[in-house]
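Peer 1: The primary structure of each chain is shown beneath.
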Amino acid sequence: MSPTERREAIEGYIAISPWILGFFIWTLGPILASLYFSLTDFEVVKPPVFIGLGNFRRMFFGDRLFWQSLKVTATYVFVSVPLGITLAFAVALLMNQKVKFLGFFRTAYYMPNLVPAVGSAILWIWIFNPEFGLLNNFLANFGIKGPMWLAHSKWALPALIIMSLWGVGGGMLIYLAGLQGIPTDLYEAAEVDGAGVAARFWHVTVPQMTPVLFFNLVMGIIGSFQVFTAGYIMTGGGPRYATYFYVLHLYYNAFHYFRMGYASALAWVLGIIILFFTLLVFRSSAAWVYYEGELRGRR
Amino acid sequence: MGQGAVAVGKVAVRRGTVPFLARRSVRNVLFKLVIYPVLVAGSIVMLMPLAWLVSSSLKPSGLIFVVPPQWIPKPIAWENYRKVWELIPFALYTRNTLIITIGSIIGGVSSATLVAFGFARLRFPGRDVLFLVLLSTIMIPEQVTLIPTYVLFRLIGWLDTFYPLIVPTFFGGGAFSIFLVRQFFMRLPLELDDAARIDGCGSFGIFFRILLPQARPVLGVLAIFSFMGNWNGFFLPLIYLNSPEKYTLSIGINLFRGTQFAAWNLLMAASLMMALPCIVLYFVAQRYFIQGIVFTGIKG
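From first to last, the protein sequence lines are chains A and B.
For reference, each letter of the first sequence is one residue, going 1 to 299 in my numbering.
For reference, each letter of the second sequence is one residue, going 1 to 300 in my numbering.
Derived from the structure by calculation, the hints contain no laboratory data.
Each hint should be verified, as a subset may be incorrect.
Stated by the list, open to error - Simulated crosslink set (DSS-like; lysine-lysine; CA at most 25 angstroms straight-line):
hint, chain 1, residue 1, chain 2, residue 2
1, A, K154, A, K71
2, B, K32, A, K98
3, B, K83, A, K100
Can you make the complete structure from the sequences, with help from the hints?
Peer 2: Listed below in structure tokens is the structure:
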């Protein structure tokens, strides 16, 4: 290494040093500490006591709320994420048809994302109010008697999923930009080859959009597994644990009962679940994600 | 557009042989007849809850529980907004939220830019591996690091202070921010750096004098995102702040709900006031906003 190269390298390390430090203090250190805590009985005020796999044994075989929270969260993730992506993509497709007033539509669909999480949680409690809320009053116009929503164990989770769809505007913006970025000559070439609307959609639009859809699918799964605020504020996990999300369980264990060891074990299991699904999506992506410059399938 | 021109030309040539429905112009009209109603209906669905928020916030107490609801209340209760300020320390909550938000913006933007500069413009052994490590941390859910971090802050006596919410942002401001700025720096021509070096500029001189002045759009995006994240943050303030005089707007308004569970007009007014800066910011800086959302969603 020449002196100038060495100097540049040293300056490079200095430049990234905040992140390096942060990585050890706020990421790697806590991950390892949390792994250790997960093997202990730890109630904050007393030092941790090593109990081996006790927390995990208790979680899998002695904690019905763990399984309930897992079921609730998985249902939420696997309904709201695909539904949200499909809706956002559909809206983006419509908006990409050279519509007039695009700016208005874009803003209208995005606006809900500007309401803070706590504000929209409170707003939606009021909207879901069985008697005086917006939704059931709207349904009443069609002679439908709306359900009890948040107060009913069968309707509370669907209610939260409906509320999550109010935020499709964020994804819509992303897909719209992706659609606008597809080179027009691809469509022209397809058209010259005699491809109709449907063929162009399936053989140009979809392949070009799969990387974006895929990325948002992964991020959607990661984010939705961590859903917390809506459940905490709107239902407190009820009624009858119908909206008892995984992170609620973790939160109550850690910060209400101060079972830090058990909560760390819960956190690790969550991390592994998220990692599992992320890898699954990554593995499967080889079959359906198209990247530019890659030869695959019919081309 | 070119696409349209080609299409029109082709249809004109083949007109006699193409069935009615396959004709582009006819299909286009039908298509638009579907698109606009669907988009308008969707917009109404999206905006209705917001209209409900505004309308409820302006209702006098006597009109909240009237069926069917009155969209434009008579009389309009503007005083609801004043009442919120009287019933809860709204100004104090706003101040606390602002301290945390501004502190985090400063920490996140400054450190993310510096780190991104290192990754984008300087050569050092292990750079690419470290960058991969950085990217992979995006996948780690914050719950995994939460408890040890909490224990650490407890140990150094930072519970019930703003430090746990601000200080960590000075260590890179999150993988996403670093990635965003790095991509921006990568696009600037390297000749800029070389020319500056010939003129005797050191690496950090290049950073401050050449690159930073050009990075204003990306810093804007970063600042907006940091603002939105911290202004709206709920989970971390909930965990770290205990005493009422430290509460942020999120925590304070949620607490307010616990005490005023039937005063929907006041709760809506409080929520709307909290949302207002975000809405204003969106309309003032729409371009940055959309760029940022699009960027974070398109490439990982």
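Peer 1: The structure should be examined with respect to each hint, and the outcome stated for every one.
Peer 2: Now the hints, each set against the structure:
Using a Cα cut-off of 25 angstroms, the hinted pair K154/A and K71/A holds, with the two alpha carbons roughly 14 angstroms apart. For the proposed pair K32/B and K98/A, the alpha carbon gap of about 10 angstroms is at most 25 angstroms, so the pair holds. For the hint linking K83/B to K100/A, the alpha-carbon distance of about 42 angstroms lies beyond 25 angstroms, and the restraint is violated.
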